[in-house]
Structure formats: structure tokens, C-alpha cells
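Engineer: Same order as they appear, the protein sequences are chains Z and S.
So the first sequence is numbered by the numbering used here: it starts at 1 and just counts up by one.
So the second sequence is numbered by the numbering used here: it starts at 1 and just counts up by one.
I should point out that these hints are in silico values taken from the structure, not numbers from a laboratory.
Be a bit skeptical, because a hint or two may be false.
To be verified - Covered stretches of chain S, as calculated for chain Z (at least 3 residues, CB under 8 Å):
(1) 32-45
(2) 88-95
(3) 103-113
What the hints assert, rightly or not - Quick look at which bits of chain Z chain S covers, simulated, 3 or more residues with Cβ under 8 Å:
(4) 31-41
(5) 66-72
(6) 83-94
(7) 113-122
Claimed, not checked - Calculated lysine-lysine pairs in the DSS-like style (CA-CA distance at most 30 Å, straight line):
(8) Lys92/Z with Lys115/S
(9) Lys343/Z with Lys257/S
(10) Lys218/Z with Lys463/Z
Note that beta-carbon positions come from the ideal geometry of N, C-alpha and C, so glycine has one too.
There are 2 protein chains.
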Amino acid sequence: MAEQEKTAITPTREENYPGWYQQVIKAADMAENSEVRGCMVIKPWGYAIWENIQKNLDVMFKETGHVNAYFPLFIPKSFFEKEAEHVEGFAKECAVVTHSRLEDDGKGGLKPAGKLTEELIIRPTSETIIGASFSKWVNSYRDLPLLINQWANVVRWEMRPRLFLRTTEFLWQEGHTVHATKEDALEETYRMLNVYTRFAQEYLAIPVIQGEKTESEKFPGAVSTYTFEAMMQDKKALQGGTSHFLGLNFAKASNIKFQNREGKEEYAWTTSWGVSTRLIGALIMAHGDDNGLILPPRIAPLHVVIIPIYRNKDEQNKVMDFIDNIKEKISSLRYNNEKIRFKVDNRDMRGGEKLWEWIKKGVPVRLEIGPRDVSSNSVFMGRRDKDFKEKVSVNIDDFIKNLPAFLDEIQNNIFQKALKFQIENTKKIDNKNEFYQFFTPKNKNNPEIHGGFANSHWCGSSKCEEKIKDDLKVTIRCIPLDAKQEKGKCICCGKESKKRVIFAKAY
Amino acid sequence: MAEQEKTAITPTREENYPGWYQQVIKAADMAENSEVRGCMVIKPWGYAIWENIQKNLDVMFKETGHVNAYFPLFIPKSFFEKEAEHVEGFAKECAVVTHSRLEDDGKGGLKPAGKLTEELIIRPTSETIIGASFSKWVNSYRDLPLLINQWANVVRWEMRPRLFLRTTEFLWQEGHTVHATKEDALEETYRMLNVYTRFAQEYLAIPVIQGEKTESEKFPGAVSTYTFEAMMQDKKALQGGTSHFLGLNFAKASNIKFQNREGKEEYAWTTSWGVSTRLIGALIMAHGDDNGLILPPRIAPLHVVIIPIYRNKDEQNKVMDFIDNIKEKISSLRYNNEKIRFKVDNRDMRGGEKLWEWIKKGVPVRLEIGPRDVSSNSVFMGRRDKDFKEKVSVNIDDFIKNLPAFLDEIQNNIFQKALKFQIENTKKIDNKNEFYQFFTPKNKNNPEIHGGFANSHWCGSSKCEEKIKDDLKVTIRCIPLDAKQEKGKCICCGKESKKRVIFAKAY
Chain Z
1 MAEQEKTAIT
11 PTREENYPGW
21 YQQVIKAADM
31 AENSEVRGCM
41 VIKPWGYAIW
51 ENIQKNLDVM
61 FKETGHVNAY
71 FPLFIPKSFF
81 EKEAEHVEGF
91 AKECAVVTHS
101 RLEDDGKGGL
111 KPAGKLTEEL
121 IIRPTSETII
131 GASFSKWVNS
141 YRDLPLLINQ
151 WANVVRWEMR
161 PRLFLRTTEF
171 LWQEGHTVHA
181 TKEDALEETY
191 RMLNVYTRFA
201 QEYLAIPVIQ
211 GEKTESEKFP
221 GAVSTYTFEA
231 MMQDKKALQG
241 GTSHFLGLNF
251 AKASNIKFQN
261 REGKEEYAWT
271 TSWGVSTRLI
281 GALIMAHGDD
291 NGLILPPRIA
301 PLHVVIIPIY
311 RNKDEQNKVM
321 DFIDNIKEKI
331 SSLRYNNEKI
341 RFKVDNRDMR
351 GGEKLWEWIK
361 KGVPVRLEIG
371 PRDVSSNSVF
381 MGRRDKDFKE
391 KVSVNIDDFI
401 KNLPAFLDEI
411 QNNIFQKALK
421 FQIENTKKID
431 NKNEFYQFFT
441 PKNKNNPEIH
451 GGFANSHWCG
461 SSKCEEKIKD
471 DLKVTIRCIP
481 LDAKQEKGKC
491 ICCGKESKKR
501 VIFAKAY
Chain S
1 MAEQEKTAIT
11 PTREENYPGW
21 YQQVIKAADM
31 AENSEVRGCM
41 VIKPWGYAIW
51 ENIQKNLDVM
61 FKETGHVNAY
71 FPLFIPKSFF
81 EKEAEHVEGF
91 AKECAVVTHS
101 RLEDDGKGGL
111 KPAGKLTEEL
121 IIRPTSETII
131 GASFSKWVNS
141 YRDLPLLINQ
151 WANVVRWEMR
161 PRLFLRTTEF
171 LWQEGHTVHA
181 TKEDALEETY
191 RMLNVYTRFA
201 QEYLAIPVIQ
211 GEKTESEKFP
221 GAVSTYTFEA
231 MMQDKKALQG
241 GTSHFLGLNF
251 AKASNIKFQN
261 REGKEEYAWT
271 TSWGVSTRLI
281 GALIMAHGDD
291 NGLILPPRIA
301 PLHVVIIPIY
311 RNKDEQNKVM
321 DFIDNIKEKI
331 SSLRYNNEKI
341 RFKVDNRDMR
351 GGEKLWEWIK
361 KGVPVRLEIG
371 PRDVSSNSVF
381 MGRRDKDFKE
391 KVSVNIDDFI
401 KNLPAFLDEI
411 QNNIFQKALK
421 FQIENTKKID
431 NKNEFYQFFT
441 PKNKNNPEIH
451 GGFANSHWCG
461 SSKCEEKIKD
471 DLKVTIRCIP
481 LDAKQEKGKC
491 ICCGKESKKR
501 VIFAKAY
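Same shape as in the complex, but just chain Z (with noise of 0.2 Å):
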């Protein structure tokens, strides 16, 4: 077959790695740019990954205490404009509504018409409007914890969008919580950063580093933001979410008051967080490799396809008694508490053909079924956190058996593997050409490709942070929360430093 001869994806990372991007979504036909800038189109395949995220952490969030509820796409301009860091964070690439509907412009078209007293946003994020609920929601101290969960489209106006990673909209869940102290509404904003941390290692075999970002990557109007930070196979960093402690400032904005137990009115604490659509991108450029998609089993729509090989009508018949015993002993198996999720590819198509399809959409386990196989009662099986030539002849009563420990191994080599390239591409780094050296591309065909996360000291002030993101397009991704109390001198300036921090480009 000439595509076991090069790889199924053109261009591969190392010849240009955006390219290889966008190449993976096609070929694993996940997404693609709609007719409206900047809008995608999730299809079927990377909708079923959303899919699988959403139930997991929805699973999460309720045992930690949370409800879902639904809040309004629209924000009154007025609302929007009471935070001002906030407001002046969002302002420039909001969508406004400026009309109720469209009227015959004379010319054999349509003009807007309908004109709002007061236009209205579409959610950037929402915390004004569901601040304007939580005002007249929480009146007592009985009230707190108020613990609430939103998955909804939200709008953002990209200038460069780029599928899953930067869209104009996109799909995300926003929680937002009350708290009547700020201890309680610390250890929320905390217990969210571990929740996603924990989701991402665990589910989406992502490596992250928890830390705090510095006051200018904070989210606007919040005290303090959290995130958690992945690498990408090109190096760059990439926001998985985000946690905030906001302080008291939304709730002054949006007047949220309790009575405390001593029968005083005080503002109440709040938190808001949050993930994305933007989390497939993360794991399209974590696993993936140049035949495609590799998709860690406790996310994947699919965990074995089966392909049945036959060339008449007797084989096929034989095959497919044999796929269809399968069929019974895999749907009494469970798989991290859910039942296997698997399919038979019987559609009129080459053998090779599918092979690729499956391999390039990164189905964890793929069984070729023949004649043979019957005969031997075996099944031949090949790994997608392996190489694609290895594949192994297995006793059905030893598959079937060893299934769910096999999908617990493909999870684990997935994790193990970017853990691994994660640390080989971190460096501590003390010395200030070493670290310009470090961020300066080797490979003059990719760009984009250079050394990785520097750990170095920063003295704390916003002039450094700017003056390396001017030289090098380098930010610094977070302050890690286990980040040592070291003495040391700032990577920039040479001053005296206290902690080392994660310096990358990011997404």
C-alpha cells in the first residue's frame, strides 16, 4: 500500500507543524471553517470528543457540588460596561446586536430594522448577566455556597482564527460561584484548578502545570487567575482553562450582598472558571502524530474498530458469525464505568483503505478479522500508541479478557509519552543568552519549532515580562504553585528573584 510507504499526514510536524494542524482535522474529519468568519463547524467526529468531555466533567463538577443552569446569550451594554477592566478586556471583539429584525430595503433585499433602545452583547463570558441572577438569588448566608455551572456558545471576535484553539464562537462551560468568605472562595477557585488539572491528566493524558498568571495575563476584572498549562509537540504552551478568584469586584459591580450570621450585610466573594472547545486542539497537538489523530481511550468516541476481511460470500458469512460472538463478549465489558465503545466497519470498501481512516481518526484499538483469524480463533490487532506495522495475532478469550487492562495501557503509554516530552523539553535556565539561544528557532524550514518551557527566576516586574515578549514572542504561562521559595537573579534584568517561573511562546 503506498500509504504504509510515507506519512498519512502532509506535511508532517517536523516540515510545518501549523500545516500538520490543520491537515490532522481534516483527515480525521473533526472540524472545518464554516461560510462565516471565524465560525467553525464541528462535525460528528470532534463533536463526539466534546461529547465525551462534557459528560466527564459534568460528572466532576456535580460531585463537587455544583448545578447546571442556563443564562441568557445577550448582555445588555449596560451590564457589560460595570466592570471597567473587565469591559475594557472584552469591548474590542464582541459581537453587538443592534436590531430586533429585517425589513425590505426596497432594492429586493433586506435591511435591519427594529432598532434596540440599548444593544445588546453576545456573551464574551458571562459573568455580568449571571451576576445580575446572583444579586437577587442570594440574600443569606444560608444562600452560600451558591455553586453554578453554564456549558454554552460564547463570542469572541478573532482576527486569526484557527480551528478549536481560537474561534470567533465556540462551545465552553463557565462556572460561577458565591462564597460568603474569601478563604471558602479560594479554596473554590483551587478545588476547580485540580478539578481540570486531574481531568486533563487523567482523561485527556495531558500533562499540565498548575500556576497563577501574572497581573498581565490575568482575566480582566479578576483579582487572580489560575491556569493550567500544556505542552504542545512544537514546544509552544497552551492555556488549557482557567480558574479566578474575583475577588469582591464582580460582586460590587453586580450588587451581590448576604446577610452574614451576625445579621450584617457584607458583599459576597466570587470565583468564575472555565474550559473549552479549545481543549481538543490541546490534544490533537499533544498526541498526534504524522499518520494522524491519537486519541487517549477515556476520550475517544470509539475504543475498537473492527474490520472485517473476506473476499467471498462464504468468508464473509464465516467473518461475520465470528464479529458477531465478538460483538455479544465485548458489550458485557466496561471500560473506566462505561461500556466499550466500539463499532464493525462493514461498509463496501477496501480493507487498507478503512485501516487508514481509522488510523487517522485515532481509534485506540483496530482488529482485522479474516478467515485465518476464524480458523485460529484469533484476532489481529493493532495499538494506535504503537507503530502501525506492529501488529499482533491474539487469542479471542485473551482479547477479550484483557481488553479494559489494554485501554488502561494505551492511556498510560499516551500520558507517559507527553510527560516525557514535556520534561526532556523544560529547562532550567540561569543564564540570559542561553535563554534568548533556547527561544530562537533551529529549524529554518518550521519556525515554529524551538527549545520549550524555560524555568527561570523573574524579579516580578511587568517591564521584564514586556521586554521578553517584544525580543522573543515569549510569555511568561504561569507562576507554578509548587514553584520552590529560591534565591536567584531575574533571567531579564539580574535583579534579585524569588521564584522561577514558566516562560514559553503560547498559543
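Dock chain S against chain Z, hints included.
Structural biologist: Positioned in the frame of chain Z, the structure of chain S alone reads:
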């Protein structure tokens, strides 16, 4: 308790049906109006019902071969204009995005900026934007059928909004499918109508009448629209959802063509079908009573609520130990393939207050457990399908053994009650005076309440349909699919008619 003397909801259904509806929603804490005109906030109890609707319908969609995907919120004006009837139907009530940012207006406020070259409409429904994708996805008969569903928010500018029934933004699902032949598309249209009917009857416990819409009531752009109509307790009809056979109309508008088996290019046949958060309004009005919401178990966020009753620490320990034991036993039970959803309400409030809260929220089974129940190894059970005073003491082992059966019985009782009501208030009417009398309210205090559904002959002319609408605000809800061919005379003009149709006032 004072509440036991009067009803928990004021006004009652008899006193003021629309007022009762609003108060049930408020008492059950399901939703509220937001600060954005026409948009509602779906509160956790209301949203949990929507989650159960979604979860169960989604399974049914997938069992019938559909997959989920996601398409843009925005529809370019030019797309919207492609199908003449369609745009005519929706142009009068759509949100129009004209700008992509806000900028300083020089007066301390913000004004819209970044005028778009083409206005974007917030989807009121997605035929045209999804059609743009389908025209790319469909090339050959091998690509068909294409069976897609989307869970999304949509916007239709409402002049007279009512919570759940009619809101500017609402949540829904919209199925969109493409087929090679007219027969296949029609079969799909009926299949999904049947899925909806099964869901309404078996999950929402609402009996419905399936039928075809008349020309004047069909979806803008459809060849034919099928509906399922339910009777509310004010005897008005509520359209639960619709399934549209779109013929070639949208295929032509969006250029959805395929190469058939003979290698000839032809237009494809499409369908669309949807249900929305309106179903929650139907649920409230079909089953609720003067003490609040009544939820069928299959859709209830909680099946069982347990209220511990104690006066001191000793009793508390005794009761809570007993409840721990019950929790463990309930946890191992299943109802309708899911775990039993239960909650122990241990809040620091009076028992009676709690009890009434859960009655108003419609929870199917309430258990009150005090020290005496512990001593007799029993629970004190109230059921929402019975009078709140009808409580019985049940041995705990019998309770656990019979709980799934109790829930089934409640589900069935709720359905049978609604069915009886529908049958009792549906009348074959062949006399015009009687017909007019039937739709005249009997209760002057509550002009909303009248006779019910009239099953009468109609000649097929839109003139008669209009006259009845003008005279009585009564419309043809549908031409029932099971209507017999039967000679008769039009209830309006007396001309010959071949079929009876359902006339009713409607939401």
C-alpha cells in the same frame, strides 16, 4: 399547618390558569425572567429537567442512527434570504448583529464599532447555515442518508414572552437529514415524529395526537409539517414539536446535490425536526395541580426525597443511622436503566416547610422518617400522584423491594390521568352552533377555559380555517394521521369534507 388548609399555589388553576402557571414555576424554582427582555434564566431545578429530556432523547436519536454536530450561531443575511418562504417566516423576529466591537463614545460610554460588511442573523433555526455544510458533505449516494442532530440555543424575537412557552432565546435540538429519495425522507420525517411521540408519552407522560399541519400552519419552507399536539389542563393545545418534510426546497436553496447510482447528479431530499425547552412548559401544564409541579419519575431530577424528623441529638443519631442504611440500599436499585436519584434533605428548617418545598417541586416520592418509624423499621411515604394527606407507613424492606414498581405506577398514573382528561375534553362536533358554543368560556373569571378539542369536519379551504380563527381564536391543530376517511360536512361552510381534523385554542 396553615398550608394544609389552602392550596400551596395561589391562584388555583380554576381561578386564573395563566397566573397559576407562573406561580408553579416560581414555587418550584424552575426559571425566572432575566433582565434581557424576553430571555429567561433557567434555574437549576428547571435545567435538571432539561438535562433529563436531553439525555433520554439523545439516546433515542442515536439509536435511530443520528450523530451530533455543531454549526455556527450566526447566519449571514444572504444565506437567510435563499429560501423565500423561510425568510418571510423569520425576518420579522430575528436578532441582527451589525458590529464586531464597542468603542468609546466620547461621553464616558461605549458605542458599536467595526461595522460588518454583511449583517449576521442569530439562528432562529439552522436549515440555511447547515445546508451550506451539507452541500459540501454530500457528493454521492454513498454519503446518504446523512443523519445529523444539533443541541443548541436559538433566537426568535418574541413580543409576548412567557417562561418556557415563548422566549426570545430558547434551547432546543434540531435534526437535519439528507436522503437520496423522497420515500426515504418521508420515512425519516415520520420516524422522528414517532420518536417524539414515544418520548412525550413514555417519558413526559403526556398523551399526544400526531398529525399533519395545514398549509397556513406549516414551517416556512417545508413541503409538509407533522406535529404532536397535547392538551393542557385549560383544554388548550400545545404543539410539542414538529418534524418537517422539506422536499427539495432547501436542497435547491443550498445546492445539496449528489451523484446517484447511475452517475447522474440530482438534488437531495431533506428533513428537519425539533423540540425545545417548551416541553417543560407542557410538562407543567399537563400534570401540575394546585399544590405545584407533578413530575413523571422518568424525567424527575429526584425520584425520592428523604426528610429526617427529630427533636434532639439522640433522635437525630438514631434517625440518621437508619437513613444511612436506606441510602445504601437505594443506591443499589435501578429504575428505567438508571440509578435511583434521591436526596436526604437535612437542612436546618422545619420539616413541614421542607415537605411543602418538595411537593411544590413535584418530586414523585417523599419519605418522612422519625424515631417511631425507626423503631417500627418502616418509612412514612407520600406520593405526588396522590393527595398529600394520603401518606402510608411501609416496612422498609417492602419499600426498597417495591420502589421501582412504585415509580412505574406513578409514571403510569400520571399518564393515565392526562389521557383521561384529553379524552373527556375531546368531542366530535358536527353542528356549527354547538362548535361555537364549545369554544365559549363557561367561567367568566377565567376566560381561558373552554370546551377543549373539537374533532370536526373541514372542507380543506383556508377561508374556513381563517373564519374560525377570526371568530373564535381557534385553529386547526392538525389533521390526525389516524383520521379515517369519512364523509361529512365542513363545520364552517357545510361543504363536503372527507376527514375530521382537530380544532383547538392553542399556545
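Engineer: So, for every hint listed, does it hold in this structure?
Structural biologist: Structure-based check of each hint:
Figure legend: the segment 32-45 of chain S, annotated as covered by chain Z; annotation consistent (10 residues with Cβ-Cβ distances under 8 Å, at least 3 required). Residues of the segment 88-95 of chain S with a Cβ under 8 Å from some Cβ of chain Z number 5, which satisfies the need for three, so the listed coverage holds. For the segment 103-113 of chain S, the stated coverage by chain Z is satisfied: 4 residues place a CB nearer than 8 Å to a CB of that chain, which reaches the threshold of 3. Look at the segment 31-41 of chain Z against chain S: 7 of its residues bring a Cβ nearer than 8 Å to a Cβ of that chain, three or more, so the hint holds.
Using a Cβ-Cβ cut-off of 8 Å, 6 residues of the segment 66-72 of chain Z lie near chain S, which meets the minimum of three, so the contact claim holds. For the segment 83-94 of chain Z, the assignment as covered by chain S holds, since 5 residues bring a beta-carbon within under 8 Å of that chain's beta-carbons and 3 suffice. Figure legend: the segment 113-122 of chain Z, annotated as covered by chain S; annotation consistent (5 residues with Cβ-Cβ distances under 8 Å, at least 3 required). The hinted pair formed by lysine 92/Z and lysine 115/S meets the criterion: a straight-line CA distance of about 13 Å does not exceed 30 Å.
Annotation: proposed proximity of lysine 343/Z to lysine 257/S holds, straight-line Cα distance about 29 Å (limit 30 Å). With a CA separation close to 16 Å, the supplied pair lysine 218/Z and lysine 463/Z stays within the 30 Å bound.
In terms of the numbered hints stated before, the structure departs from none.
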